[in-house]
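**Q** Sequence:
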Amino acid sequence: MKVSGTKIRAQRRARDYSQEYMALQLGISQKSYSDIENGKTQLQATLLRKISEILDVEVPVLCPLANTCSSDIKDKHDQLIRFLIVNSIDFPRELI
Numbered sequence: 000m001k002v003s004g005t006k007i008r009a010q011r012r013a014r015d016y017s018q019e020y021m022a023l024q025l026g027i028s029q030k031s032y033s034d035i036e037n038g039k040t041q042l043q044a045t046l047l048r049k050i051s052e053i054l055d056v057e058v059p060v061l062c063p064l065a066n067t068c069s070s071d072i073k074d075k076h077d078q079l080i081r082f083l084i085v086n087s088i089d090f091p092r093e094l095i
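In numbering that gives the first Met the number 0, the protein residues as written are 0 to 95.
To be clear, the hints were calculated from the coordinates, so they are not data collected in a lab.
Virtual Cβ for every residue (Gly too), placed ideally from N, Cα, C.
If you anchor each label on the Cβ, the simulated ranges turn out as follows:
1. 74 - 23: 37 to 43 Å
2. 93 - 28: 40 to 46 Å
3. 16 - 75: 34 to 40 Å
4. 43 - 93: 28 to 34 Å
5. 39 - 75: 29 to 35 Å
6. 86 - 20: 51 to 57 Å
7. 23 - 63: 23 to 29 Å
8. 84 - 48: 29 to 35 Å
9. 83 - 16: 45 to 51 Å
10. 44 - 76: 15 to 21 Å
List of simulated lysine-lysine pairs, DSSO-like, C-alpha gap at most 27 Å:
11. 49 - 30
12. 49 - 39
13. 6 - 73
14. 49 - 73
With these hints in hand, go ahead and build the complete structure from the sequences.
**A** Pasting the structure below:
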């Protein structure tokens with residue numbers, strides 16, 4: 000996720016945090032953190048969430064794709080609910 004790395008770097012620099020500080024907060028090496036910013040590693044959702052917490056920003060600020068994925072999931076959920084209703088299939092209403 001190179002785009003995320005670029006955005007993460009910009010947010011980190013805006014707060015005047017060092018890579019060493021970020022790495023320490025995340026429990027990883029500075030080299031591993033540098034690899035994240037340079038797009039050399041696959042960024043896992045849990046790590047992205049931790050980075051967003053440290054930087055005090057929402058995940059989509061760092062990774063717009065996260066917002067897109069969330070939207071896609073909601074669309075699929077809505078389609079499934081419509082299918083169940085149209086076909087008179089019972090389902091727990093709390094899933095709506």
